[in-house]
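Keeping their order, the protein sequence lines are chains A and B.
Using the numbering used here, read the first sequence as starting at 1 and increasing by one per residue.
Using the numbering used here, read the second sequence as starting at 1 and increasing by one per residue.
It is possible that some hints are incorrect.
Claimed, not checked - Here are the simulated DSS-like cross-link-like pairs (lysine-lysine), alpha carbons at most 25 Å apart as the crow flies:
1. B/K7 to B/K86
2. B/K193 to B/K233
3. B/K233 to A/K118
4. A/K21 to B/K82
5. A/K21 to B/K193
Note that these hints are calculated values from the structure, not bench results.
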Amino acid sequence: MTLAPSQWSLSGEGRLPDLLKAGGLDVGQGFLRYELWSSLAQDDLRQRYRRTLFGLAWLTLSYLVFILAKIFIFGALNPAPFAWFAAYVTVGFLIWQLLNSFVVDGCTSLINSETWVKGVQLPYSTYFYESISRDLIIFAYSAVVAGLVLLLTGYFPGWAALSVPPALLLIILNGFFLHMLLGIICLRYRDVVQIVQTAMRVLFFLTPLVWTVDQVGPIADFLVWNPFTYLIDIVRAPLIDYRIPYTSWAVSLGMTAGLGGMSFLVFSVFRRQLAFWY
Amino acid sequence: MSSVYIKDLCVRFRVYEKTTGAVSPEGAGVFAQRDRSHRWVQALTDIGFELGEGQRLGIIGRNGSGKSTLLKVIAGLLPATKGTVKIDGQVSSLIDISHGMRIEATGERNILLRGMIAGLSKRQARERINDIAAFAELGDYIKLPVRTYSSGMAMRLNFAIATAFSPDILIVDEWIGAGDRAFQKKARGRMQKLIDASGALILASHDLDLVERMADRVLWLDAGHVTALGPAKDVVDRYRETVDG
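Construct the complete structure from the given sequences, taking the supplied hints into account.
Quick look at the structure:
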């Protein structure tokens, strides 16, 4: 048995329903190649840490060093209790790092797959799944540090923590949509890669990660416009404040639906042309 | 069951480079434009043919005439700008066989990955490692990264992988061989076996004797248009007359 489609047809002028159906098939068939994209993701990372002594453990180590520096520098500036602030920074930054990698890698997933797109017939979504699972492996190695910090600071998971797995799923879903949307747009308009990377660097400072909302005064009013605030809140609040932030959940769900619809439309309409955009 | 049905196929490539001038090489795709900032190269125009079970089609034409583009469309690597492409059967293309090779991964790992790309499950691909490695004659080098291979060895591995999974429809861009003299003979035998086993063959080549021998029908492309489509010998003879004057 083979998983590759053995019967297909491509007609030049597609009607929208046909395009959407083909887009959906691409997403579904790509997912079914999980053995392939998970292997490719592992290879990508192994290659990155090839012949290093610690290998992938570098991901944990570098996150640890990075987060300790952040806790001690920004903790000194923050009036909140030190243990709470340490947990706040560690969890917040963990989710930020994941979202940031979804956005940045989403931009380049198709661009970097050029030889594959041109050389082998795979559903285009395969490249999104590969990139997302690579980001998730990195996330898992960093999450070890976050778990340790939570335990050391005495923040043991309570009932509210049950909402964390669905929150992570929602974030991963957003990651997939970001890949679909940005992957296509960046392939066609390469400047968008630079625009997005620059924007993410600025957004880092505009997201409550190393500072708290009560610290910044009037700027806090602008936070309602930052989508990352909500996605981080739905993971962080249950873990460090033992509450489920319903407003953030509502906003996150709404955003995900909007982003999902838009990205699926863009992907379905333009995926047929993307091989010409290299 | 294997069949290929192509009707009114057009493919054009957008030109992103800011160039002026509209002279294309003789026999190659011509420039088309709407205005100064929207330019294309018309690679294929109104191509149509059908290919059924057991049939062998040869494609000939000058450099840039659209042979590879047509093969890529049939292989599902390029979409049609206009027209209909219907494929029934598992397609395998030997267009650029080095695609998908990861030089940092070991030979074994590459066999596994390429097998999965070809549509096998991980377990099925793993079962094929030994015979592919044996065919490539790499010994225990197969456990080293491909980056450490000589270029001839890498080609041998590529060839062994690319020709290991027999498809319903085989697409070949130029007859490929690999390796040193001893290996080339083996490669020829393997290619022949693969072709014999495939349900349908599409072969593009400049080797007219080869095309005449392998194909029963030949499609002659010129500047993306079909100049002739018919029995192999007739079309090849006409092409020879035109080229040799």
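Consistency of the hints with the structure:
1. B/K7 to B/K86: Roughly 9 Å between the alpha carbons, so the hint for B/K7 and B/K86 holds.
2. B/K193 to B/K233: holds (23 Å)
3. B/K233 to A/K118: Measuring from Cα to Cα gives roughly 33 Å; hence the hint is violated.
4. A/K21 to B/K82: Given that 25 Å is the threshold and the Cα spacing comes to 19 Å, the pair holds.
5. A/K21 to B/K193: violated (38 Å)
The structure fails hints 3 and 5 (numbered hints given earlier, in ascending order).
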